[in-house]
Amino acid sequence: MRKLVVLSSFLCTFFISAQNKQVLYDFAELPQTLLLNPAVDFQGKFHFGVPGLSQISFHGGFSGFSAYDLLADNNVGINDKIRDIYQSFGKSEFLSFNQRLELLNIGFRRRNNDYVSFGYYQELDVLVKFPKDMIDLYYEGNTVLNRRYSVDKLAAQAELLGVFHIGVSRKVGEFTRMGGRVKVYSSVASASTKRNSGAFYTENGSDNIYRQHLSNIDLLLETSGIKLPSDVELDQPYVQRQFLFGGNLGLGLDFGFTYQPKEQWEITGSIQDLGFIYYTKNVESYRIKGSYQLDGFQLDFDPNTPDTYWSDLKDDFEERIVMDTIHANYMNFRPAKLNGSLTYSFGRKRLDDCTFVNGVTPYTHKVGAHLFSRLNVVHSYIAATLFYERRFGKIFSTKLTYTADPFSYANVGFGISARAGAFNIYAITDNLLGLRNVYAMQSTNIQFGMNFIFGAY
Amino acid sequence: MILNPKKISYFVLFLLCFSCTKPIDMDQLDDASLDSSYLFTLIHLDLNAPNFLDDFNQEIAVSSDMVSIPKLDDLHPYLKRAEFTVKTENSFNRNFTLNILFYDKDQQLIYTLKPVIIVPSNSSELMHVLEIPENDINVIYNTRYFGMDMSLWNSTTGDLIEVTDDFEFAVKSSIKLFFNFKKA
Chain A
1 MRKLVVLSSF LCTFFISAQN KQVLYDFAEL PQTLLLNPAV DFQGKFHFGV
51 PGLSQISFHG GFSGFSAYDL LADNNVGIND KIRDIYQSFG KSEFLSFNQR
101 LELLNIGFRR RNNDYVSFGY YQELDVLVKF PKDMIDLYYE GNTVLNRRYS
151 VDKLAAQAEL LGVFHIGVSR KVGEFTRMGG RVKVYSSVAS ASTKRNSGAF
201 YTENGSDNIY RQHLSNIDLL LETSGIKLPS DVELDQPYVQ RQFLFGGNLG
251 LGLDFGFTYQ PKEQWEITGS IQDLGFIYYT KNVESYRIKG SYQLDGFQLD
301 FDPNTPDTYW SDLKDDFEER IVMDTIHANY MNFRPAKLNG SLTYSFGRKR
351 LDDCTFVNGV TPYTHKVGAH LFSRLNVVHS YIAATLFYER RFGKIFSTKL
401 TYTADPFSYA NVGFGISARA GAFNIYAITD NLLGLRNVYA MQSTNIQFGM
451 NFIFGAY
Chain B
1 MILNPKKISY FVLFLLCFSC TKPIDMDQLD DASLDSSYLF TLIHLDLNAP
51 NFLDDFNQEI AVSSDMVSIP KLDDLHPYLK RAEFTVKTEN SFNRNFTLNI
101 LFYDKDQQLI YTLKPVIIVP SNSSELMHVL EIPENDINVI YNTRYFGMDM
151 SLWNSTTGDL IEVTDDFEFA VKSSIKLFFN FKKA
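As given, the protein sequences belong to chains A and B, one line each in that order. Start counting the first sequence at 1; every next residue gets the next number (the working numbering). Start counting the second sequence at 1; every next residue gets the next number (the working numbering).
Everything labelled a hint here was simulated from the structure, so no lab data went into it. C-beta atoms are modelled at their ideal positions from N, C-alpha and C, and glycine is treated no differently. It cannot be assumed that every hint is accurate.
With a straight-line Cα cutoff of 25 angstroms, these simulated BS3-like cross-link-like pairs (lysine-lysine) come out [claimed, not checked]:
1. A:K45 with A:K171
2. A:K337 with A:K129
3. B:K105 with B:K176
4. A:K81 with B:K183
5. B:K71 with A:K314
6. A:K314 with B:K176
7. B:K105 with A:K314
Stretch-level coverage of chain A by chain B, calculated; a stretch enters the list once three of its residues show a Cβ under 8 angstroms from a Cβ in chain B [said to hold, decoys possible]:
8. 66-78
9. 141-151
10. 206-212
11. 431-444
Excised from the complex, chain A in its bound form:
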């Protein structure tokens, strides 16, 4: 069992990560950039993504350790490695996973030059944060008196949902564009636990050698779509209905802007998933609340009294630490994502007097900085990126990024986008330095997609 836990932990290293799309953000005027910043100045007149293939993305990361940290074949004993990993843990560690499959992505330019885009994607989002105290309790035991093992930092959120969205990018001034996107979430299944509190500790007692405490325990796990009524069959039509507005519904908004203070400079910013899901269907939540202190069993040596010590203790415990099953509706906010960037473009192709130019010719080079932040009650974090984007005529665009995030201070990413006529294909990954030893990677990020873009440059 323990081995299974360890194995699961390091497998998560490969499959789990953060949600920063630093390479895709503002890259090569891909339609998918509109989902990161609805104000992006998309240059096409019309686009549609190849259904089911316009964006397939996986992100995964675990802040604790990598598989190589644990399993390196380097003559260091496994138990020494486990100890080193344990000692390197911060006050809390987290793992996250995000998977997205875009099924529909269509956009068109209106006569007033607004660019309208809409689509639908499926998303699985998992974020788990666990406190060092829990690891301490497992690793060291509880023999240190008055040491409080707290569950305050224990939090997790998992959500499987479908998202329909429609947005518009509009030029609102000579140098400014604004964009907005409305999202309707349909949650298929959800589980979350947040704002947990309480502690376990042992102190010197008076009636007995030790007194043990469960102090102000308040744990809440909210679920929906996981425990289903007996008359519901978990089959494909049911799941499809849940994805297509049959699940628990929510509403979200994205906002963004781009501003060009000078022709070659651009400032962009966006906030995504400013919204919530209200859970009303197949809701079942569990709450454990209370305080308990234990001095042990007080034996009375009364031969006339039957042995009820254990049942008395159990009854007393259940009276003071109450576990409730709750069927009340609840609401969860979606994890909001903030993006901001500053870019400088240069190297526009010089045209001679005989060249007829219809429209804008983009700059060849672009450098900049990008900040990303994910805000959530479970865990918030920030990532900073420097990037260089290079355009090769109408066919190729590439982007190289260097990111510092909670998983690595040296995350090098790379994206490539190619066009053949209206057909566009792109591929993005990060943590390239990790390719020197994939076992040592603590996060990874892969995106791939195909679109048809008409009327661009």
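Please build the complex by placing chain B on the supplied structure of chain A, with the hints as guidance.
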């Protein structure tokens, strides 16, 4: 031009072909083990003279009590040994013998913790540490009742315990369980 599509293609090809792994050894997980210990408060008692007298105020030579406990099978095979700490105080002018006993589901005695604790008369707090060693630890898994026997020694002076005696016999205890988590 510093970069061109051909160079990029080479770069991507390089990444695909030359991404590599340093050697890892999955088998070493078989040797992974973790030692940790957990402390639990156990039983306590505080007895006075009437507790050692029957309805006719005759001394009770042996007093017993036991606590039913849940199955501890889940601890197998990780529990390696158990260490009991017992603190005693005795203001009676009589010695006591204290036995810590383990019974199976039929309340049959299956194990007695050694050594037997002898609590001298008029003794202040004494601490006794007793252990179920690794060789005997399986007894825990069969234990469904945990008990104590107290034997009151005969008086050397002929004095008998009176119901009005202001004597006290107190026991406090805890258990420390030592685990080794590793592949079973």
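Do the hints match the structure? See the list:
no.	hint	result
1	A:K45 with A:K171	holds (15 angstroms)
2	A:K337 with A:K129	holds (18 angstroms)
3	B:K105 with B:K176	holds (23 angstroms)
4	A:K81 with B:K183	holds (17 angstroms)
5	B:K71 with A:K314	holds (14 angstroms)
6	A:K314 with B:K176	holds (21 angstroms)
7	B:K105 with A:K314	holds (19 angstroms)
8	66-78	holds (count 7)
9	141-151	holds (count 3)
10	206-212	holds (count 6)
11	431-444	holds (count 7)
The earlier numbered hints are all upheld by this structure, with none contradicted.
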